[in-house]
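Undergrad: In our numbering, the protein residues as written are 119 to 572.
Be aware that one or more of the hints could be misleading.
What the hints assert, rightly or not - Cβ-Cβ distance ranges computed for the label pairs, FRET-style:
(1) GLU462 to ASN347: 34 to 44 angstroms
(2) GLU379 to LYS421: 13 to 23 angstroms
(3) ALA360 to PRO160: 31 to 41 angstroms
(4) ALA158 to ALA499: 28 to 38 angstroms
(5) GLY170 to ARG207: 24 to 34 angstroms
(6) GLY193 to PHE312: 18 to 28 angstroms
(7) ALA158 to PRO328: 40 to 50 angstroms
(8) ASP545 to GLN380: 40 to 50 angstroms
(9) GLU502 to THR559: 18 to 28 angstroms
(10) GLY370 to HIS552: 50 to 60 angstroms
(11) ARG368 to ALA168: 50 to 60 angstroms
(12) ARG368 to ALA158: 44 to 54 angstroms
As the list claims (entries may be wrong) - Using 27 angstroms as the maximum straight-line C-alpha spacing, the simulated DSS-like pairs for lysine-lysine come out as follows:
(13) LYS154 to LYS181
(14) LYS489 to LYS471
(15) LYS471 to LYS486
(16) LYS471 to LYS154
(17) LYS558 to LYS471
(18) LYS371 to LYS421
(19) LYS473 to LYS154
(20) LYS486 to LYS473
(21) LYS473 to LYS558
These aren't lab readings, by the way, just hints derived from the structure by calculation.
The C-beta atom is built at its ideal place from N, Cα and C for all residues, glycine as well.
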Amino acid sequence: MPTETTYSILGAARSGLAVAALLCREGARVFVSDSKPAQANPTAIPRLEAMGAAYEFGGHTEKVLLADVLVLSPGVPDTIPIVRQAAERGMRITNEIEIAASRCRAPIIAITGTNGKTTTTELAGFILRGSGRNTFVAGNVGLPFSEIALMADEQSVVVLELSSFQLEHIQTFRPRVAMILNVTPDHLDRYPNFEAYVRAKFRITMNQTPADTLIYNADDHNLSSLPANSIARAIGFSLTQALPDGAFVRDGKMILRANGEQELMHTDDIQIRGPHNLYNAMAAALAAQSIGVGLDAIRDGLKNFPGVPHRLEPVRQLDGVRYVNDSKATNVDSVWYALQSFAEPIVLIAGGKGKQNDYAPILPLLRKHVKAVVLIGDEAATMESAFAGHVPTVRAGHSMELAVEQARSLAIPGDVVLLSPACASFDMFNNFEHRGEVFKTLVNQLVPAGEAVN
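My request is simple: use the sequences and hints to build the entire structure.
TA: Okay, structure coming up:
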């Protein structure tokens, strides 16, 4: 792309700054606009000045419209006035993923889905690194794609976690391997309906060719039309059926049937636990095999992968009670899987900023597995009403400290205290990581029963 092209970038967070740096390095004229005040991101201005980009903070002015191309950060919806004005003027509208991919020589494994993206992305990266491949993990997790795009050569592999937001404005992005783990209602505050959200996810395969691979969850009815909507080679993974082409479980063993049939390993030997992680493991194994990784390296990776913080992360055992941090569970479907991962009675900490959630799918699991729910955040009243008659609830307001104290008082030896919120974190915390770290800190500060507090 010629350096005479001028760019306006909406958003000065991680991906916005990364793509600005990439474009400035090419000699392009770059203007960065952020709706938040400069004080909200104090490191942004020094970085922008160092790379030679112009900028504005505190709102989007018509300066944005003076460029040839408008680059949207993932958090910027295309319904805001400045984006609509750009579209009316005929500006090309794109995103960081599209720009980085057009400059990257390495084959790409692109992973999306409502749940499990980060675990599967990190697991695939772990397997690939263990096999000796030079591997970059980027996108919605780790580094922005723009930071590593030029470093990854033809012998490397890039594993990208992609949200639906990051797929909205791709035009030519073509991954060697595309993966959709599942699609369940989420981000309905961003999309007009569930069908629009599904369409955004399906964009991951729109530029693939028959030489490429599409990996999908064959047990997800929302993905049943996916193979017919792609010309890539579609291979599924399933816990309920033996597939002619893909991965499945038979007699407690993971079977890969993508290039002939291979019995990979017993599922008990996979380090990460729970049925949802078995789906993630099958998907990562298929991705690694599709890119040429041998069975021994795949097996070793699945045996040794330690998991990802804030996803069913063990925190501590205290007075016979296990404390588990699942702060990444920002929607109902994630909680559904989490509740199935424990045989012990659960004291659940849930709540936060709601996403127009429907809690009906987890009500049977609450009755079966949960002895009480401690509710936090803006969604507490809605959840209390939804759970009434199914499970006892108590409210902790907007205090994680009080929530941990209440959960501890409700738990007895042999129970699990599980933070699995089913909601976003922004009513009380910076992000789900912040929420999880606060929970872990509070749990680790608890004093064992009978021990004096100094």
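Undergrad: Broken hints, numbered, in rising order?
TA: Per hint list: 3, 10 violated.
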